[in-house]
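Line by line, the protein sequences give chains A and B.
Mapping of the first sequence onto the working numbering: position 321 corresponds to residue 321, and the numbering continues sequentially without gaps.
Mapping of the second sequence onto the working numbering: position 28 corresponds to residue 28, and the numbering continues sequentially without gaps.
Incorrect hints may appear among the rest.
[Claimed, not checked] With a cut-off of at most 25 Å between alpha-carbon atoms, the simulated DSS-like pairs for lysine-lysine come out as follows:
hint	chain 1	residue 1	chain 2	residue 2
1	B	K21	A	K195
2	B	K78	B	K68
3	B	K44	A	K222
4	A	K222	B	K71
5	B	K44	B	K21
6	A	K366	A	K3
7	A	K366	A	K257
8	A	K376	A	K257
Hint data in this document are derived by calculation from the structure and do not stem from the laboratory.
All figures in this text were calculated on a predicted structure; none of them were measured in a lab.
So the chains spell out like this:
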Amino acid sequence: MAKLVGMEVSVAVAEAARLCDTDVVAAYPITPQTHIVEHLSELVANGHLDAEYIPVESEQSAMSSCIGAAAAGARTFTATSSQGLALMNEMVFIAPVLRLPIVLAIANRALSAPINIWNDHSDIMTIRDSGWISLFAENGQEALDMTILSFRIGEDPRVSLPVTMNIDGFTLSHFIEPIDMPEIEAVRKFLPPWKPLVQLDIGAPISIGLLGTPESYTEARKATDNVLVASKPVVVESFEAFKAQFGREYKVVETYKAEGAETLLLTMGSISETAMTAIDEMREAGESVGLVRIRLWRPFPSEELLKVLLPAKNVAVIDRHIMMGTPDGPVAVEVKSLLYDAPNRPNVSNFVLGLGGRDVTRDDFKYITKRAKEFKGSPSARYELVGVWE
Amino acid sequence: MPKEIDALQKVGDLPIGFTAKPGSTLEFKTGDWRSVRPKLDREKCIYCGFCYIYCPDGVYQDMGDKEKWYKPDFDYCKGCGVCAHQCPKKCIEMVLEEV
Chain A
1 MAKLVGMEVS VAVAEAARLC DTDVVAAYPI TPQTHIVEHL SELVANGHLD
51 AEYIPVESEQ SAMSSCIGAA AAGARTFTAT SSQGLALMNE MVFIAPVLRL
101 PIVLAIANRA LSAPINIWND HSDIMTIRDS GWISLFAENG QEALDMTILS
151 FRIGEDPRVS LPVTMNIDGF TLSHFIEPID MPEIEAVRKF LPPWKPLVQL
201 DIGAPISIGL LGTPESYTEA RKATDNVLVA SKPVVVESFE AFKAQFGREY
251 KVVETYKAEG AETLLLTMGS ISETAMTAID EMREAGESVG LVRIRLWRPF
301 PSEELLKVLL PAKNVAVIDR HIMMGTPDGP VAVEVKSLLY DAPNRPNVSN
351 FVLGLGGRDV TRDDFKYITK RAKEFKGSPS ARYELVGVWE
Chain B
1 MPKEIDALQK VGDLPIGFTA KPGSTLEFKT GDWRSVRPKL DREKCIYCGF
51 CYIYCPDGVY QDMGDKEKWY KPDFDYCKGC GVCAHQCPKK CIEMVLEEV
């Protein structure tokens, strides 16, 4: 029987990697992700996880080691944040084309400068085009469940792609939450041993990580994009299998009181819980407002979003990152692009907030709802930075 | 649709993970990058092996004690001229490739 435990979310993510029988962990500590790999190193050192723990000298080396380990057929896990992901960037773009299902937990943290250790989504946005499947958790239970699901989805032979599992730094990573900890047998049943599609083998040698000349680069990139786009039904199927095994239901796009709502707030990550509380209060005051939350960021869940967004009058897209020099934040760019060809599309406004750990409150969502209703759209409209003093 | 496609393989025909059999670069002849080629004057050559040692692509083959010279493999020689520059007897001349 699964049991409910009080546990720090970072520790729960590490425990998920243990339950998943990870073979190799190559990681470098960086705030606010450190507790994940710290706990994994304890699990390995104390004999609770039979894995190679590689204490590398940088995140670039961490991802390089993960790529090598996964190419050798090892189930591989790492975690990072912010500057660590930036340093890892060079190697991050390689894993998807090589089709290596590495799982990377990111405790999302602001990028420098100015140096800042707190939460926003600027780090993950640097790798949004890299070909990784990208999931966002809202709370501790989801962080554990999404980690297990990341292995299952990534290792599916129809997918064979790396997966990032995103948790908001500090607001999730450092909170102690009640977590329904599954039995190891149930996880092993849900996640059978991985059978790699491509594997380094002395008996049958292959070359991995090749030069792609102008005559093959285009096709190699397109092949990866095709696999990433085609992975969405496998994500949905894996969520369904997870529900059958563990009872918790997940969707690529989650909604809360969204049906029939005049105004929809669109979020990713842990601020969605605050948004739901704000929506409850606004609903009590007679406001027709609901929430749409993107769980699956890559591949972008176009059909699912169209279905929930089109009936609304106003859509307020909330970003946690300034995409400098452009009119909108990264999530709004995708949503506007998606809706461009749709007839009778809703008014889409874009709000940026919660940068570098600044608090996001219920009042912020009430303000955004008011502004979204007033928004009439204009070709020069830029994002509105909520709570900026200027 | 462009008239001519320069691709080697269709998207769907590429090996999973963009892998290859090891040693397949041997089939990738790079000699046609060359605009000049080394021409050896065997009368002056003292069989010292500088060309063999300095060649950045390892295209020179030792022809042995009887023949006493090093022969470039023109499938891979890119015509960089390092051998001609290093030759102590200046017996290698870089001559223009005729098309």
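Outcome of the hint check:
no. : hint            : in the structure
1   : B:K21 x A:K195  : holds (20 Å)
2   : B:K78 x B:K68   : holds (23 Å)
3   : B:K44 x A:K222  : violated (55 Å)
4   : A:K222 x B:K71  : violated (43 Å)
5   : B:K44 x B:K21   : violated (43 Å)
6   : A:K366 x A:K3   : violated (37 Å)
7   : A:K366 x A:K257 : holds (15 Å)
8   : A:K376 x A:K257 : holds (24 Å)
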